[in-house]
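**Q** The primary structure of each chain is shown beneath.
Protein chains: 2
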Amino acid sequence: MKTTKIKVPEATVSRLSVYSRYLEQALEKGIVTVSSADIAKNVGVTPAQVRKDLAYFGEFGTRGVGYKVEELLKYIKKILGINTTWNVAIIGAGNLGTALCRYKGFQKRGFHIKGVFDKDANKIGQIMCNNIKVKHIENIPQEIKKNDITLAIIAVPASAAQEVVDILVKSGIKGIINFAPQTVNVPKGVFLRQVDLAAQLEVLTFNLNEEVLK
Amino acid sequence: MKTTKIKVPEATVSRLSVYSRYLEQALEKGIVTVSSADIAKNVGVTPAQVRKDLAYFGEFGTRGVGYKVEELLKYIKKILGINTTWNVAIIGAGNLGTALCRYKGFQKRGFHIKGVFDKDANKIGQIMCNNIKVKHIENIPQEIKKNDITLAIIAVPASAAQEVVDILVKSGIKGIINFAPQTVNVPKGVFLRQVDLAAQLEVLTFNLNEEVLK
DNA sequence: TAGATTGTTAATCGATTAACAATC
DNA sequence: TAGATTGTTAATCGATTAACAATC
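Each protein sequence line maps, in turn, to chains H and Y. Each residue of the first sequence is one higher than the one before, starting from 1 at the first, in this note's numbering. Each residue of the second sequence is one higher than the one before, starting from 1 at the first, in this note's numbering.
Bear in mind the hints are in silico, worked out from the structure with no lab data behind them. Take the hints with a grain of salt, since some may be wrong.
Copies of one chain are not kept apart here, so a pair can be met inside one copy or by any two copies together.
To be verified - No farther apart than 27 Å at their CA atoms in a straight line, the calculated lysine-lysine pairs in the DSS-like style are these:
{"hint": "1", "residue 1": "Lys170", "residue 2": "Lys104"}
{"hint": "2", "residue 1": "Lys52", "residue 2": "Lys7"}
{"hint": "3", "residue 1": "Lys119", "residue 2": "Lys7"}
{"hint": "4", "residue 1": "Lys114", "residue 2": "Lys146"}
{"hint": "5", "residue 1": "Lys104", "residue 2": "Lys123"}
{"hint": "6", "residue 1": "Lys78", "residue 2": "Lys29"}
All chains should be modelled from the sequences, with the hints used to inform the complete structure.
**A** Shown next, in the form of structure tokens:
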């Protein structure tokens, strides 16, 4: 694999996920070869964008021909690191945590939920998904080691988010998705993504408001 | 209100949501005035960024002093269009749809779930949240009109996403959040946001992979 | 007044798009 | 070969940051 010298934009990485989903669908349909224009049309970007995104990582196509679907899919999965499976912990066994635990989309992409944690005594011991019992937050460090968990999803109230982040970081977690609507801090070397569901709706209402003003 | 001539970056809009959350917390704590540096420190951006973001919409501060928390919060909420409430439909009464229906974070920001729809006969008639009964997808057009619903959240399988989008658009929905991992098309004048949960994890695994290569 | 902090402009940085030579 | 499409460079566009005059 080519060692990347130039920094890859985060937007490029997100788009690679989208390309890979399209390629999976194309593969199912029995499509063998696609052009950057095909990919672009199906995912709503420009062909130049597709080629540029791929160019960060190497040369995967054939001039005059295009890309082999199966091959390109394999490459992108490797680039994204999803040629292997990953073990994931969910913190917070409320509605959202439960739903995420049962969400098929994670399994489908090789993410296996291996632990669900909460503080609430009523929830501990309950079975959430895949026969996983909710454990107390205290057990995070040992469970993460025992089950080789690398990623964590936070689905606790905003007020508890930073505390949970700190526990996770101390336990050696390297990547966190935070669903709590709360800015949190992680040390260098730990990757964080903030997913703010209400803020998503607010971008829509902003746009609707602007439309009215026009 | 100043009519915006210059296009506001989407990133600015998202940050306004984040600023407003911080301001709400500050208000609760009884903080009266904040500087751009205060906001910046708490949400993890630069003070210049905060001032630039606000400058798209007017002058809300006092030089040498800062911003009045309560006042700025009110302005931002008005800009985002969340000085009023919005009615929302959820399509898909599976795990994710159910969780989103019960999610407190929406209510807290003035988003009221007024309808939940599914195709599955077993789900129809079940009570999801706020005493809302799941209705068949066929009922979307009339329910949307009846309940004055403007926004919709799609939580159906990828294969059904475009079909649902088309129904929603035909019913007059103006803003859609799509949780299905599927690129969909909307006509001009309808706003769409794609929230791809697995892709979020994949950005993390990409980063972890890169770290290893270094 | 002196110190603080805004609002705004200009400079920088980064990402997207267009264009085209390379090449299948 | 001629047509098609990649990979890559240069041009454009847009967003962030730095700097500072305005002003409380």
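**Q** Of all the hints numbered above, which does this structure not satisfy? Sort the numbers upward.
**A** 1 and 3
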